[in-house]
Amino acid sequence: GAGVSQTPSNKVTEKGKYVELRCDPISGHTALYWYRQSLGQGPEFLIYFQGTGAADDSGLPNDRFFAVRPEGSVSTLKIQRTERGDSAVYLCASSLRGGAATGELFFGEGSRLTVL
Amino acid sequence: KQEVTQIPAALSVPEGENLVLNCSFTDSAIYNLQWFRQDPGKGLTSLLLIQSSQREQTSGRLNASLDKSSGRSTLYIAASQPGDSATYLCAPGSYNTDKLIFGTGTRLQVFP
Numbered sequence: 001g002a003g004v005s006q007t008p009s010n011k012v013t014e015k016g017k018y019v020e021l022r023c024d025p026i027s028g029h030t031a032l033y034w035y036r037q038s039l040g041q042g043p044e045f046l047i048y049f050q051g052t053g054a055a056d057d058s059g060l061p062n063d064r065f066f067a068v069r070p071e072g073s074v075s076t077l078k079i080q081r082t083e084r085g086d087s088a089v090y091l092c093a094s095s096l097r098g099g100a101a102t103g104e105l106f107f108g109e110g111s112r113l114t115v116l
Numbered sequence: 117k118q119e120v121t122q123i124p125a126a127l128s129v130p131e132g133e134n135l136v137l138n139c140s141f142t143d144s145a146i147y148n149l150q151w152f153r154q155d156p157g158k159g160l161t162s163l164l165l166i167q168s169s170q171r172e173q174t175s176g177r178l179n180a181s182l183d184k185s186s187g188r189s190t191l192y193i194a195a196s197q198p199g200d201s202a203t204y205l206c207a208p209g210s211y212n213t214d215k216l217i218f219g220t221g222t223r224l225q226v227f228p
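Protein sequences appear in the order of chains A and B.
In terms of the working numbering, the first sequence has 29 at position 29, counting the first letter as 1, and numbering is strictly consecutive.
In terms of the working numbering, the second sequence has 121 at position 5, counting the first letter as 1, and numbering is strictly consecutive.
Looking at chain A on its own, in the form it has when it is part of the complex (with noise of 0.2 Å):
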């Protein structure tokens, strides 16, 4: 695609739920992340893929968390028995490459989680 795109753009849900939210990065890309952004902050690292795997979780808060890209192409974020505190905007970047020849970094237009 264009660019790239993350769905659900809005889920609200219950506490206790499991969410699901997709990104779809760029094509060719190999590097791909997920942050979080909560209001007024800057957005902050969850995870960063390098084709398939994982390279970096250090930023996942807790084992709810889950994520996995296992094409090298689509990443799908997992979160487990939603909790209040996980309301945010979870934002998907992709890069042509990662690690240190990190080139332009581009954003989708997030994901607003909201649990009730």
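There's no promise every hint is true.
To be verified - Taking lysine-lysine pairs in the DSS-like style, the calculated list, with each CA pair at most 30 Å apart, reads: (1) Lys11/A x Lys184/B; (2) Lys158/B x Lys17/A; (3) Lys78/A x Lys11/A; (4) Lys117/B x Lys158/B; (5) Lys15/A x Lys78/A; (6) Lys117/B x Lys184/B; (7) Lys78/A x Lys184/B; (8) Lys15/A x Lys117/B; (9) Lys78/A x Lys17/A; (10) Lys117/B x Lys78/A.
Keep in mind the hints are simulated off the structure, nothing from the lab.
We have chain A; now place chain B onto it with these hints.
Frame of chain A; chain B shown alone:
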């Protein structure tokens, strides 16, 4: 551990003014630094990417400079316009980590 600070946190100016936004970072072992713009409720849009070997980068009315050794970058906006109103974020890419660390941004409002 990379830490990024942006000053000022907020800025409100009349249109036509020339502006300076500051970004400082603690780990100077960087390969590049990016400046982004974020409109309310939207994702981030890349404005400028400066490689570590460069001193500055220009795009239209925007000019970003980089002083890697002192851990500073500056975004200069010339002849500001109301359409420039947004939050501006910087993110240095560090050799010591694969993840980009963001500052909390400068919220800019340019009024007519």
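Query raised in the report: For this structure, which hints from the list above don't hold up?
Result: 1, 7, 8
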